[in-house]
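With chain L held as given, fit chain G onto it using these hints.
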Amino acid sequence: MSTAPDGLFQYGGVPVGGGRYEGMWGGKVYFVDYDSGNDAHDGRAPNRAFKYLDTALSAATAWDVIYVRPRTPDTTGGDPQSMLPSSSTNFSISLYQARNFSDRNWDWFNEEDSGQYDKNSRGQRHHYGYLYG
Amino acid sequence: MTRIQGASGTTTATFTVKAPFVNLENLTFRKGSSTVAGLKIDAYQTNSAYAFNVTVFGCAFWKIGLAGAGAGGLVIDSAWHTVVDSCWFEACRGGIAIANNESNTDGFTCVNTVFNGLDTDIDFDIYTSGTLTTVLIDRCIFAHDIPAYTGGSVLKYISFATATGLFSNSVIGSETNTIATNCSLSNIDVSNVTYAPGTNFTA
Chain L
0 MSTAPDGLFQ YGGVPVGGGR YEGMWGGKVY FVDYDSGNDA HDGRAPNRAF KYLDTALSAA
60 TAWDVIYVRP RTPDTTGGDP QSMLPSSSTN FSISLYQARN FSDRNWDWFN EEDSGQYDKN
120 SRGQRHHYGY LYG
Chain G
0 MTRIQGASGT TTATFTVKAP FVNLENLTFR KGSSTVAGLK IDAYQTNSAY AFNVTVFGCA
60 FWKIGLAGAG AGGLVIDSAW HTVVDSCWFE ACRGGIAIAN NESNTDGFTC VNTVFNGLDT
120 DIDFDIYTSG TLTTVLIDRC IFAHDIPAYT GGSVLKYISF ATATGLFSNS VIGSETNTIA
180 TNCSLSNIDV SNVTYAPGTN FTA
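Respectively, the protein sequence lines represent chains L and G.
As numbered in numbering that gives the first Met the number 0, residues 0 to 132 make up the first sequence, in order.
As numbered in numbering that gives the first Met the number 0, residues 0 to 202 make up the second sequence, in order.
This is chain G alone, in the form it adopts within the complex:
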């Protein structure tokens, strides 16, 4: 798998997508000197170019340790209908960070994806402080204990300020079965999400 890494001394995202209908497949992203992201899907523009309907398939985000809840291995800024499928987030301080600088993000889908690493390396796996509508998180594995990065500001597997959608058929490597302890899901419906012993979460 080709590993894409940002230039030394350059703090923008290693790879930025500002175009629609991009499909990135089987790439590994490293941050280099980026302070933003390994991959950024960006619909925050000052002119008419936007990213939307972007698919990220089979990609790895490798040890992208970025400070702050707005940064992540993958950053989605206002881009609608992003699909993350069959990816692997390894020891990323932030896995997927979703911003809404242009508009509220709509139609975020994350399926068949693994979030792995030491809990002490991780602040969050999926996060937004904004509004997110029509979310689908399905068949994902959060293969670590509750995020416990020292100095982390989120410390949840999933944290949504305002969101609607479905979180289903997934496993969280927590030994605690209460959703609120592990996630902040706003109005996301939960179906068949288990914690490590194989028991469904309870509200």
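One chain only, chain L, in its complex shape:
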């Protein structure tokens, strides 16, 4: 999806209402940018993105959305650069502490864009990855 004239959608489908980003079902939206983000940010806008995905996973609650920006391509011809966790604990989506896990749906989409809105090899529009619950 692209930015619609009515401003309802931006960044691959995240609804934008009243000048703020919202989840599909009214939850909060978090952004993760490994190359340019900072965990001191609140993660609530692309220019205030978290650095680490696990920070966003910890911050998110039910119905929230997390967008994950792909890393800057490796310009030396090597393998693509990896997104690593902030600590020695690997990534996990867990509802151990959830009051009732059945009331939560998590979806995490991630499409390559390198910051650009072009298309991938399957002809799909690239956009930020996102997770919503």
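Derived from the structure by calculation, the hints contain no laboratory data.
Certain hints may be false.
Ranges between beta-carbon positions, derived for each pair [unchecked claim]: (1) L:Asp34 - G:Ser190: 40 to 50 angstroms; (2) G:Val82 - L:Thr88: 25 to 35 angstroms; (3) L:Arg47 - G:Glu101: 39 to 49 angstroms.
Even for Gly, the Cβ is constructed at its ideal location relative to N, Cα and C.
Just chain G now, with coordinates in the frame of chain L:
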């Protein structure tokens, strides 16, 4: 495509899903120091949190060389109704490993997926030593010769100890047209599965 990699020195799966209705899309998984998996969909829990109805779409599992038949690029432990769609497994020693530590896995679907790499790098593409019910493998390409990893314990494209379901409309890069040589399918029905020359498999 964002590449997710596990932390150095950490042996758990790079990414573990312990929640229902997760949809992971267009990610590449590497193992880091994991000895388990790039991605683990886990319903084996000691409390009430389980993964089920998880979809993995358009993801790549890249050169995840893990020893043992219980490890793989993608590990599914007891999680019901997992869908693997349009993924690419590249040179993974084990592609998809299915365990049943909590319960028998039910409703595993794998469609439009490619398993690629050198046969000598691969032990299996899809494997379980347990019981698997309602399996659907459709429109998949197993783009390598019969797995031949030295020291491999499975050495099949697909190996199911006990399973029911359907394996259909797929191509296996084997030059041998006998199913039993390439796969252990238990009670899986086979329909329109060809080997490399384009001939249907025979029982």
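Now the hints, each set against the structure:
At about 47 angstroms, the beta-carbon gap between Asp34 of chain L and Ser190 of chain G stays in the expected band of 40 to 50 angstroms. For Val82 of chain G paired with Thr88 of chain L, a C-beta distance near 27 angstroms keeps the hint of 25 to 35 angstroms intact. For Arg47 of chain L and Glu101 of chain G, the hinted distance range of 39 to 49 angstroms is satisfied, since their beta carbons lie about 40 angstroms from each other.
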